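**Student:** Sequence:
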Amino acid sequence: MALDALALDFSISLETPDLDQPILELTDRAFGPGRYVKTAERLREGSRILPDMSFVALRSGQLLGSVRMWPIDVREGEACERIAFLGPIVVDDACRGQGIGKALIHACVEAALAKGLRAVLLVGTPGYFQPFGFEKAKGIALPGPVDPNRLMIRYSQPDLAFTGRVSKAI
1 MALDALALDF
11 SISLETPDLD
21 QPILELTDRA
31 FGPGRYVKTA
41 ERLREGSRIL
51 PDMSFVALRS
61 GQLLGSVRMW
71 PIDVREGEAC
81 ERIAFLGPIV
91 VDDACRGQGI
101 GKALIHACVE
111 AALAKGLRAV
121 LLVGTPGYFQ
131 PFGFEKAKGI
141 ALPGPVDPNR
151 LMIRYSQPDL
161 AFTGRVSKAI
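Numbering-wise, the sequence shown is residues 1 to 170 according to UniProt numbering.
Read the hints as simulated data drawn from the structure, not as lab findings. Warning: the hint list may mix true and false statements.
Here are the simulated EDC-like cross-link-like pairs (lysine to aspartate or glutamate), alpha carbons at most 16 Å apart as the crow flies [stated by the list, open to error]:
| id | residue 1 | residue 2 |
| --- | --- | --- |
| 1 | K115 | E45 |
| 2 | K136 | D147 |
| 3 | K102 | D9 |
| 4 | K168 | E81 |
| 5 | K115 | D92 |
| 6 | K38 | D28 |
| 7 | K168 | E45 |
| 8 | K138 | E76 |
| 9 | K38 | D159 |
| 10 | K136 | D159 |
| 11 | K138 | D159 |
| 12 | K168 | E41 |
| 13 | K102 | D92 |
| 14 | K168 | D73 |
| 15 | K168 | E76 |
Restraint-style ranges between C-beta atoms, simulated for each label pair [unchecked claim]:
| id | residue 1 | residue 2 | range |
| --- | --- | --- | --- |
| 16 | A94 | S13 | 16 to 24 Å |
| 17 | E45 | G164 | 29 to 37 Å |
| 18 | G32 | E78 | 17 to 25 Å |
Only a predicted model underlies this, so the values are computations on that prediction, with no experimental measurement involved. For glycine and all other residues, C-beta sits at the position ideal for the given N, C-alpha and C.
Please build the complete structure, drawing on both the sequences and the hints.
**Tutor:** Next up, the structure:
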């Protein structure tokens with residue numbers, strides 16, 4: 001479903017630097033300290049978000065949700081493909097089920113593809129992300145343990161397929 005077809009009582013906009021601390025606080029409330037031991041967090045730490053692909057949901061100036069995108073590389077031999085790593089996606093508990101997460105995902109994926117990136121990678125629940133065009137990422141390895149069934153990719157074109165090891169692109 002296209003974003004403009006949704007009746008939204010919130011707005012989606014690019015993340016701004018003043019929202020960094022509120023986003024971190026919302027993320028900590030949603031995921032707790034356990035998120036810091038995950039492989040996905042290793043790809044994010046020490047890196048910078050892609051500011052033209054990271055979005056927030058606001059209602060009357062109040063932060064309702066956030067999705068961040070990070071630069072990563074998929075390398076196999078001499079071949080290297082720069083793509084975006086999606087996450088975390090977080091929505092305030094009181095606002096879940098209102099389409100905020102879906103609107104954020106649409107916004108960041110559309111922005112990444114519009115910028116010419118050929119894929120977006122994430123770790124997430126297949127049943128939630130498949131409707132957005134994500135599929136199991138075959139032949140791609142993260143630099144740490146991850147459930148291979150939860151490693152998902154969205155390609156810009158159906159005939160694309162990357163393989164190799166993921167590393168952060170700083």
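**Student:** Confirm or reject each hint.
**Tutor:** Hint check results:
A threshold of 16 Å between alpha carbons decides the hint, and for K115 with E45 the separation of about 23 Å lies outside it, so the pair is violated. Between the alpha carbons of K136 and D147 the distance comes to roughly 11 Å, so the proposed pair stays at or under 16 Å and holds. At roughly 14 Å between alpha-carbon atoms, K102 and D9 fall within 16 Å of each other, so this suggested pair holds. Between the alpha carbons of K168 and E81 the distance comes to roughly 12 Å, so the proposed pair stays at or under 16 Å and holds.
Straight-line distance between C-alpha atoms of K115 and D92 comes to about 28 Å, which puts the hinted pair past the 16 Å bound. Distance check on the hinted pair: K38 and D28 sit about 14 Å apart at the alpha-carbon level, within 16 Å; holds. Distance check on the hinted pair: K168 and E45 sit about 9 Å apart at the alpha-carbon level, within 16 Å; holds. Distance restraint check for K138 and E76: the Cα-Cα separation of roughly 13 Å lies within the 16 Å cut-off, and the hinted pair is therefore satisfied.
In summary, the hint linking K38 to D159 is not supported, as the alpha carbons are separated by about 31 Å, beyond the 16 Å threshold. At roughly 15 Å between alpha-carbon atoms, K136 and D159 fall within 16 Å of each other, so this suggested pair holds. For a cut-off of 16 Å, the pair hint linking K138 to D159 stands: about 14 Å separates their Cα positions. Annotation: proposed proximity of K168 to E41 holds, straight-line Cα distance about 11 Å (limit 16 Å).
Between K102 and D92 the alpha-carbon distance is near 13 Å, which keeps this suggested pair within the 16 Å criterion. For the suggested pair K168 and D73, the alpha carbons sit about 6 Å apart, so the restraint of at most 16 Å is met. Note on K168 and E76: the hinted pairing holds, with a Cα-Cα distance of about 14 Å set against a maximum of 16 Å. As the Cβ distance of A94 to S13 is approximately 20 Å, the hint placing it in 16 to 24 Å holds.
As the Cβ distance of E45 to G164 is approximately 21 Å, the hint placing it in 29 to 37 Å is violated. Judged by the Cβ atoms, the range 17 to 25 Å given for G32 and E78 is violated: they are separated by roughly 41 Å.
Of the numbered hints listed earlier, those contradicted by the structure are 1, 5, 9, 17 and 18.
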